[in-house]
Amino acid sequence: MNALVDFYAKHSRLVDQIGVNAIMALSLSVSLRAGQLALAQAAFMGIAAYLSAILSLNAHWPLLASIALAMLVSALVAALLAYPVRRLRGVFLAIATIGFGEIVRVFANNFSITGGAEGLSGIPNDATTPVIYVGLALVAVALFALSRTKFALAVSLVREDEHAARSVGVDVGAIRTLSLALGGAIAGLGGALYAHSNFFLTPADFGFGRMEQILVACVIGGVTNAAGAVLGAGLITLLPEITRAVQAATGANVDFFRELVTGVVLLGVILFAPAGISGLWRKRA
Amino acid sequence: MIAQQLLNGLFLGAVYALFAVGYTLVFGVLDILNLAHAAIFTAAAFAAFSLASMGVPIPLALLAAAVMAGIMGILLDRVAFAPLRARNAGTLVPLISSIGVAIVIGAVLRGIYGVDERHFAIGGAAAAPVIHLGTVRFTTVELLIFLSAIALMLVLGWILRATALGRSIRAVAEDRVAAALLGVDLERTIGATFFIASSLGGAAGVLTGLEYNSATIDMGGPIELKGLAVIILGGMGSVTGAVAGGFILGAVETLAIAFGLSAWRDAILFGVMFLLLVARPTGLFGKRTLRAA
Chain S
148 MNALVDFYAK
158 HSRLVDQIGV
168 NAIMALSLSV
178 SLRAGQLALA
188 QAAFMGIAAY
198 LSAILSLNAH
208 WPLLASIALA
218 MLVSALVAAL
228 LAYPVRRLRG
238 VFLAIATIGF
248 GEIVRVFANN
258 FSITGGAEGL
268 SGIPNDATTP
278 VIYVGLALVA
288 VALFALSRTK
298 FALAVSLVRE
308 DEHAARSVGV
318 DVGAIRTLSL
328 ALGGAIAGLG
338 GALYAHSNFF
348 LTPADFGFGR
358 MEQILVACVI
368 GGVTNAAGAV
378 LGAGLITLLP
388 EITRAVQAAT
398 GANVDFFREL
408 VTGVVLLGVI
418 LFAPAGISGL
428 WRKRA
Chain V
5 MIAQQLLNGL
15 FLGAVYALFA
25 VGYTLVFGVL
35 DILNLAHAAI
45 FTAAAFAAFS
55 LASMGVPIPL
65 ALLAAAVMAG
75 IMGILLDRVA
85 FAPLRARNAG
95 TLVPLISSIG
105 VAIVIGAVLR
115 GIYGVDERHF
125 AIGGAAAAPV
135 IHLGTVRFTT
145 VELLIFLSAI
155 ALMLVLGWIL
165 RATALGRSIR
175 AVAEDRVAAA
185 LLGVDLERTI
195 GATFFIASSL
205 GGAAGVLTGL
215 EYNSATIDMG
225 GPIELKGLAV
235 IILGGMGSVT
245 GAVAGGFILG
255 AVETLAIAFG
265 LSAWRDAILF
275 GVMFLLLVAR
285 PTGLFGKRTL
295 RAA
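Read top to bottom, the protein sequences are chains S and V.
Residue numbers for the first sequence follow the numbering used here, so the first one is 148 and each next one is one higher.
Residue numbers for the second sequence follow the numbering used here, so the first one is 5 and each next one is one higher.
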């Protein structure tokens with residue numbers, strides 16, 4: 148226990164990052180479960196992060212209120228995005244949503260209210276570790292509860308076979324819109340918590356690199372449960388720190404090594420454990 | 005002024021097109037998005053830089069780097085795509101494994117070259133002798149870059165149209181199962197496709213490095229996403245469409261700068277791409293034409 152307390156005292160920021168990254172991985176898993184390769188999660192995160200930061204900085208909103216509005220707005224944006232892309236599938240949906248993400252980033256770069264390329268600073272750091280992990284727990288519980296409903300059944304049907312889903316009366320469009328909006332709301336939570344656990348926000352924080360990171364965490368962990376999301380997020384967050392520690396201890400320049408390990412682990416999981424790390428663990432149990 | 009910008013756009017567009025034809029070729033044949041294309045683009049630029057700094061003449065360095073990129077493409081396929089093909093993994097999983105390979109290539113480059121920018125000894129396009137033609141001006145290096153890109157695309161067109169390999173590639177793009185039944189060696193054809201696509205992407209990387217006289221670890225970032233827009237403009241899987249898309253992108257980018265819209269350039273580009281995807285997923289020029297090339 149003491150060791151844990153020690154670790155937290157030294158690395159509380161890392162612990163916070165793992166929580167936020169896990170929430171983001173879960174948010175992506177929602178649309179993936181409906182068979183939608185929608186890669187706009189970083190954009191939803193960015194919209195919510197900026198909105199909650201602006202509400203705190205300019206209007207002095209309390210933390211929870213700014214989180215709530217940020218979640219609502221990014222859910223709404225996600226639902227609105229669902230309409231134009233309703234006919235796109237697979238790679239085409241991925242490209243359209245990547246494009247959407249780039250557009251959002253350019254807007255953040257050019258608006259004065261978002262601070263342009265320099266971004267925003269001085270955001271109150273009131274999303275403490277307990278706040279972040281309560282958020283993560285709530286998301287996990289909500290998704291678990293949802294997994295036992297008819298909605299989840301319809302979602303998996305849409306993923307496996309849209310025509311079959313239609314033929315038994317499932318409104319495919321509604322399921323796709325709802326799952327995107329739900330993913331958007333969760334990404335909004337992640338974004339607002341990110342804003343309130345960092346001092347700065349810049350548009351570059353929410354670019355395609357962030358999207359890749361979320362995707363990697365989601366896939367390495369296994370998309371189907373919260374434990375997997377935490378595992379995946381933990382791995383991608385801790386890897387840089389581990390290599391940094393090795394570097395400090397040995398003096399060797401191993402900076403490139405963390406990326407190498409990330410890439411190799413990602414490939415290994417894709418090729419040898421398609422259900423992710425959590426799937427591997429479950430198979431053995 | 006406008007003529008000069010259009011000419012600059014033409015030069016820029018040729019390299020975009022060269023990058024995009026490889027991107028779209030893999031999609032046309034395999035229906036997968038290869039997100040390691042930009043990493044190979046970057047690796048080839050660094051390889052050419054290393055060769056040039058050892059005294060290898062630039063044209064030879066370009067050729068060697070393109071061949072190396074092609075071999076990387078074959079390895080990429082063997083590692084990241086072939087095992088997934090064998091188990092029919094769909095479109096999401098190969099996309100992610102290509103990101104994995106891209107991360108690995110980036111890490112290796114970082115390990116070899118660090119994070120510093122590299123310059124070619126010859127000084128890049130801006131330092132070369134200037135040619136004046138009426139009201140426009142350009143340098144000899146820019147002209148050579150342009151001609152190299154055009155020549156490589158013509159070679160690709162010839163391979164696709166007139167050779168047995170080209171017929172196999174088009175057959176596999178049309179219908180993989182039928183092509184296999186008719187005796188096309190699938191794995192060999194796919195391997196050759198990756199070699200061609202990646203060597204063209206690599207050549208685009210070397211030419212970009214020469215154009216700006218710089219190779220950097222993150223030089224592939226912008227072109228990776230812009231390349232997506234280009235292949236959507238042209239129609240996914242269409243080689244001629246990707247060429248046209250590359251030139252359109254080059255023109256739009258230079259004109260955006262000319263009209264003082266450079267801050268919004270990428271938003272315009274991706275906005276057009278988004279609208280096109282939504283309204284006309286087959287691209288500006290209609291059907292996917294790799295099959296008819």
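If you're looking for bench data, these hints aren't it; they were derived computationally from the structure.
One or more of the hints may lead you astray.
Here are some chain V residues the structure puts well away from chain S; computed CB gaps all over 10 Å [as the list claims (entries may be wrong)]:
id : residue
1  : 10
2  : 14
3  : 192
Short, incomplete list of chain V residues facing chain S, as computed with Cβ under 8 Å [said to hold, decoys possible]:
id : residue
4  : 71
5  : 72
6  : 111
7  : 274
This one's a predicted model, so the numbers in the text were calculated from it and none came from an experiment.
Using N, Cα and C, we set each Cβ at its ideal position, and we do this for glycine too.
Hints, verified against the model:
no. : hint : in the structure
1   : 10   : 24 Å, holds
2   : 14   : 25 Å, holds
3   : 192  : 22 Å, holds
4   : 71   : 24 Å, violated
5   : 72   : 19 Å, violated
6   : 111  : 4 Å, holds
7   : 274  : 4 Å, holds
In this structure, the earlier hints numbered 4 and 5 are contradicted, and the remaining ones agree with it.
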